[in-house]
Amino acid sequence: MTAPAYPYAGWKDLRGLLAPVTAPPARPVGDDSSAGTSDRAAEAPFTLLFVHHAGGSAAAFAPLPRHLPTDWRLLAVDLPGRLMAMGEGGFHSTTEAVAWLAPLTRRLLDGPYGVFGHSMGALVAYELARELSGDGRPPVWVGLSGAPAPGHRPDRAQRHLWSRERLTRFLRDLGGTPEEVLAVPDIVGPMVEALRGDLAVVDTYEERPGPPLEVPLSLFTGADDPVAHPALAAPWADRTTAPAERHSWPGGHFYLYEHTAAVCGAVVRDITAARARRRTLDSLAVRHS
30 MTAPAYPYAG WKDLRGLLAP VTAPPARPVG DDSSAGTSDR AAEAPFTLLF
80 VHHAGGSAAA FAPLPRHLPT DWRLLAVDLP GRLMAMGEGG FHSTTEAVAW
130 LAPLTRRLLD GPYGVFGHSM GALVAYELAR ELSGDGRPPV WVGLSGAPAP
180 GHRPDRAQRH LWSRERLTRF LRDLGGTPEE VLAVPDIVGP MVEALRGDLA
230 VVDTYEERPG PPLEVPLSLF TGADDPVAHP ALAAPWADRT TAPAERHSWP
280 GGHFYLYEHT AAVCGAVVRD ITAARARRRT LDSLAVRHS
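Here the working numbering is used: the first residue of the sequence shown is 30, the next is one more, and so on.
By construction, these hints were calculated from the structure, which means they are not laboratory data. Note that CB positions come from ideal geometry on N, CA and C, so glycine has one too. Keep in mind that the hints are not guaranteed to be accurate.
To be verified - Simulated restraints, written as ranges between beta carbons of each label pair:
| # | residue 1 | residue 2 | range |
| --- | --- | --- | --- |
| 1 | S312 | P255 | 41 to 47 Å |
| 2 | S312 | F199 | 47 to 53 Å |
| 3 | R275 | R182 | 17 to 23 Å |
| 4 | A291 | L211 | 25 to 31 Å |
| 5 | P183 | P272 | 23 to 29 Å |
| 6 | V315 | P241 | 20 to 26 Å |
| 7 | D184 | R275 | 19 to 25 Å |
| 8 | R185 | G45 | 37 to 43 Å |
| 9 | A91 | R275 | 22 to 28 Å |
| 10 | P219 | R316 | 54 to 60 Å |
Using the sequences and the hints given, assemble the complete structure.
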């Protein structure tokens, strides 16, 4: 499927002040483009993709880069329907989001990669990983944060149908948005409408049939998160045949901003282990081929 043209939405470089990214970085002078695919992948930088929460944007991950390895490429997506992309229309299901996002992602990947999603972003990240795995391009690792496992949402409220006033209260109760921002109608209005569209993605989510992932998962939660406390997230471990790590910190739905360094430390450790596991499996496959 060809991705629709959204001038402002898409992958952004977290180290480049959220500059748009449309293709892999240029290869060094003298690079042998005739080398085998596996050789090129081994030389390419590791890419970590971030997918934001409902009502959020790529900028939500701006605090993370200083705690992550400098040789990783860090890309965060702005889905349509927010900030500069407000007039571009959003999605109402993970199916729509992945159908748009997968072609963009295939074009920019040039080596090993992982995917991290928070809240709504965890659902999109999970389905994106399944889509790319079906192409034979699985990620090395998937991180799912602040999201109950499929079928374990504590309620089935259709929040995208709520009034603006009720959604504003919901935004305030979740935390993560400064009160001074919520007090400005010209700002909070567009934020609430972006949230409404994104909540439709969450509230109508149904897991697609298909095999489990074959890559390691890491589950991240706030111990006091009413939306996705650890017990609600734990069943995600059943969505992979590989190991699944569980991490939890004190705090609510946006716990990761209170424990950014610790969260990033866990991300680095789990990805390092996942990459070592992938290298071992690749080596064994070569020996038995």
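Within 54 to 60 Å: is that where the Cβ-Cβ distance between P219 and R316 falls? Once the Cβ atoms are compared, 56 Å apart, the range 54 to 60 Å for R316 and P219 holds.
Range hint 25 to 31 Å: satisfied by the CB atoms of A291 and L211? holds (28 Å)
Range first: 17 to 23 Å. Now tell me if the beta carbons of R275 and R182 are that far apart. Holds: the Cβ-Cβ distance is about 19 Å, inside 17 to 23 Å.
Between P183 and P272, is the Cβ distance one that fits in 23 to 29 Å? holds (27 Å)
Status of the given 20 to 26 Å range, CB of P241 versus CB of V315: holds (25 Å)
Against the range 22 to 28 Å, how does the distance between the Cβ atoms of A91 and R275 compare: consistent or not? holds (26 Å)
Between S312 and P255, does the beta-carbon spacing fit 41 to 47 Å? Distance hint for S312, P255 holds at roughly 45 Å.
Could you see if the CB distance from S312 to F199 stays within 47 to 53 Å? holds (49 Å)
Does the Cβ distance between D184 and R275 fall inside 19 to 25 Å? holds (23 Å)
For R185 and G45, compare the CB-CB distance with the range 37 to 43 Å and indicate the outcome. Between R185 and G45, where Cβ atoms are some 40 Å apart, the hint holds.
Violated hints are absent here; each numbered hint is respected by the structure.
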